[in-house]
Amino acid sequence: MDQPSVQPAPVHAPPQGFLWKYVFSLDHKTIGKQYYGLALVAVFIGMGLSWLMRFHLVWPNKAIPGLELISKVGAPGGVITPEYYLSLLTMHGTLMVFFVLTNAPFAAFGNYFLPIQIGAEDMAFPRFNMMSFWVTFSAFLVLVLAFFIPDGPPISGWTAYAPMSAVGSDAGPGLGWGQNLWAISIALFCAGSLLGALNFIATTIDLRAKGMTFMRMPICTWAWFITSCIALLAFAVLLPACILLILDRTAGTSFFIPSGLVVSDKLQPHSGGSPLLWQHLFWFFGHPEVYIAILPAAGIVSHILINSMRKPLLSAKVIIYSMMSIGFLSYMVWGHHMFLSGMNPVSALAFSFPTLTITIPATLLTLIWIGSLYGANLRLDAASLFALGFISMFVTGGVSGFFLAQPSLDIYLHGTYFVVGHFHMVMGVAAIFGVFSATYFWFGKMTGHMMNETLGRLHFWFTFIGTYCIFMPFHYLGLVGNIRRYSSFVDDFMGPLMPLHKFITIAALITGASQFIFLFNLIYSRFKGPKAPDNPWQATSLEWTVSSPPPWNNFGDKHPIVYHDPYQYGVKGSKGDYIMQDSPEQSTGSA
Amino acid sequence: MSTTPHPQVRASTSAEASHSGVWVGIFAITMSFVAFTSALFVREGTSGDWAHLTLPTILYWNTLALIASSFTLEMSRRSIFVGREFRSGVERAGSGWLIVTLALGLVFVAGQLAAWSQLSAQGLYLATNPNSSFFYVLTAAHALHVLGGILAMAWLVRLRLGRLTTMRRRTFESTAIYWHFMGALWIYLLIILRTKL
Amino acid sequence: MGKFFAVVLVIIALASAYPIVTHKYVPPVDISTHGHSIDEQLADTMAEAGLAFLGAQLLLAFFIWKFSGRKEGERVSAIPGGARIMVAAAFILVGTEVLALGVFGQKAWAAVYFTPPAADALQVQAQAGQFAFYFRYPGPDGKFGPLHPDKIDEGNANFFGLDPANDVEARDDVVAAEMAIPVNKEIHLLMHAKDVGHSFYVRELRIQQDFVPGLDLSLHFTATKIGKYEIVCTQLCGLGHYNMKAYLNVLSQEDFDKWMKEKISEQ
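Chains as they are written, first to last, in this note's numbering: chain A, 15 to 605; chain B, 3 to 199; chain C, 69 to 335.
Don't take every hint at face value.
As the list claims (entries may be wrong) - Each pair of labels, with its calculated beta carbon distance range: (1) 280(A) <-> 146(B): 30 to 38 Å; (2) 329(C) <-> 280(A): 31 to 39 Å; (3) 224(A) <-> 153(B): 31 to 39 Å.
By construction, these hints were calculated from the structure, which means they are not laboratory data. Every value quoted in this text rests on a predicted model; they were computed, and no experiment measured them. For glycine and all other residues, C-beta sits at the position ideal for the given N, C-alpha and C.
Bound-form chain A, shown alone (with noise of 0.2 Å):
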């Protein structure tokens, strides 16, 4: 097994012509710039979405000019109505969570990355790769196409619980077409994401070079290797969950909706199905997908904090294995997301214990990360700051969901805003996080052209400070019992904390602005930036043996061999103090 069954040929012929080039490309480098392209578009619009919800939250009645055009029902006069910020909320959740979090670390990334790093040309099916891209694509137009229905977007949260989600229009705007629309964008999300997962997997069975054991692929190469098993049984789920939604909702039968209910006075004509079998369905995907956003993130965070220390982490297999352990845990918790609903009393125990558990691995990766920096010889730019970030958001996110993961406590912090902190923090932060220090670190060898340092440093002080001052304060306002999914705040006590929500806005406008400084520097760099050599951060792993960017079968015309694991730093070596996964000297001892 460890050795691969396939004999290297070459998987397709060089692209000719616009189309096939750069629109139907096969080449998985192309697929993961357009991978990395959607996602860019997606948390842009996602960004916006927040800001039309933070202003709404602290200036409720004031007008924000223009949105009128988007939506004449939702915002009219440009004032956003209930209904309209619980849509925003809605296509903020879903379009960060799928279109962002398991596009950019997994699907963009990975795809350029996981065949070079293994030594391989391109991926095991690049057909089903452009397709599964395409799909993917299309399921982003399909949910923006919401926005411009007549009843607008869904209200009912990127959860999309039942039986509001399943019985329709008489439930609230929105949930007619909107709702539909949803659904459709998300089950063909699924469709893309399996075909995706299906790839990588076989890819890394089957592709890698010779010498390149499974204990020598990078860590990140691991992290995408793992995500992928655990995207291919989620997304599996997922679909059905969806396509029974859809049949509730067009076909008259009753998976999810109960007999009796009486929504906006109309006796619905459905009966014995269950609410909770959403609930189940969903979560079972939904856990697993957030560590579907994180688990790349830590990958590739590890990938680039080895390379900024000059040393090898405190042990890889032990963060190899931790990421397999989360990824095998993730399945068992999902009941965490239930324990209010109405599901047996006892589950909730049964589901809190694997919950609590997994802060084993996830502190042994804090750990590992943190020990491994004595005595490291860190180097201090745009890529390590933020992976260095990733770490302390990390230690962040991970202690608040130590609060939720214990079903006496959620009795009072359910539904509240320390959920919002916690899951912000960990996916919203940390995982973004992980996905600009891949940028700043791999952009050079994508697109041939480096990034600007300065403004690297400039983007990462303001993310770094910003995102603490957004999301910590959302932890106080959880602990006093502010609601979430709130479109106003009417409850008696939340007069005094109106300013501590106006200074969240306030940072969020501000920290969302200083994410142009990050576009900027991507546009002007792709094309103005100084020429990027093969290796600028002399590193070991085999994408950086190539050059920036990599021809189109990704080796030329020689297949590498490996001897090293990527580890190699802080050793003699010919060209300093590293050795590179393809050369063939052995180090001759500590550097």
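Given the coordinates of chain A, assemble chains B and C onto it according to the supplied hints.
Chains B and C alone, transformed into the frame defined by chain A:
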């Protein structure tokens, strides 16, 4: 080394990796049907409206067709290969059996459509009761995957009969594994339909 | 720059901990019999999480301070103990903490869910619908009349869909828009969802539970302080979700009896 590879060599890596790919795909498909099955179990327990559905007899004939197609697939394997090697001198052999397999697959799908029209003639539609809902959903999901297998089978026939490209052993094996899996999956579903609906 | 990073990180860590340590943002006063175990557990968890948070951030800051900006080609070394110490620490420290919280943390959960309601608990039914809560008391006969969804008529204040003409038990049911209960008496709350998912949450009571359409769920609790408290919906239920609330009016037994008498005469 030449820069433009022979078209035959182009597909080689994908074909070889198709073995892992098909098992990964089978894993995912299995997981989807596990999800449907658990939905069925939960739905049955939720409310007192679980009815009884008598399976149309044609379902059993369809089963025979699908099982037979696995046998004919193995017959084609025997004409094409000796062990893991291609038989020499019989370039197009086995394609007859492949076509029969494909035809039996089509018979299966047509038979499933017939089963649906028999049920709807009895007034049992998709939303009539939870039993009928699951019947249609499970059989439709399976039939869709069988159609995918039929397309793959057609492609195999084309490769086998074609002059420009030849069928690789791995491609045949991966398609065969998928096809047999469709049969096994159907047996499982039939048991579920029979015992739970 | 490493030193700057370390300083910023330390400031952030301390600034984050400050409001917690100074108890600036705390849950409101507990008015329940089981809430103290939740509050204790919250405090314990906060202490452990706080130590872990501060420890990790400060150590990260210290290492960045010390090990960045070194000379080119400076020798690298590994922390004494290496990975082994980390593995041991993770399993032993975190493992015991996890076990402790997991095991000892059941108390509050068990108090709410694993004890049956007292035989003489006061029964109240809450119905959640878009976008209001209504409450029903069984009245002098002690029995709730059956619900008929097709008879719901909000215009005529028949929120529950009662049919007093045909159902004897429904005739004396008391329906109110606020939930009045006597202090120090166990309440058995029956929960019914009219349309979509909702949730019942009273912060001061340390009680929260979803309403699930199609499921008969219930809770029991005892309020220990007289006062008016908000009941808010915490399950996204539509455009009026933000405004869906009612009041829990905890009264002395005397005042409650008066209130009930008034309500009965109003029906």
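Take the C-beta atom of residue 224(A) and the C-beta atom of residue 153(B), compute their distance, and say whether it sits inside 31 to 39 Å. Because 35 Å falls inside the window, the suggested range holds.
Range first: 30 to 38 Å. Now tell me if the beta carbons of residue 280(A) and residue 146(B) are that far apart. Because 34 Å falls inside the window, the suggested range holds.
Between residue 329(C) and residue 280(A), is the Cβ distance one that fits in 31 to 39 Å? 37 Å, holds
Going through the hint list in order, the structure satisfies each hint without exception.
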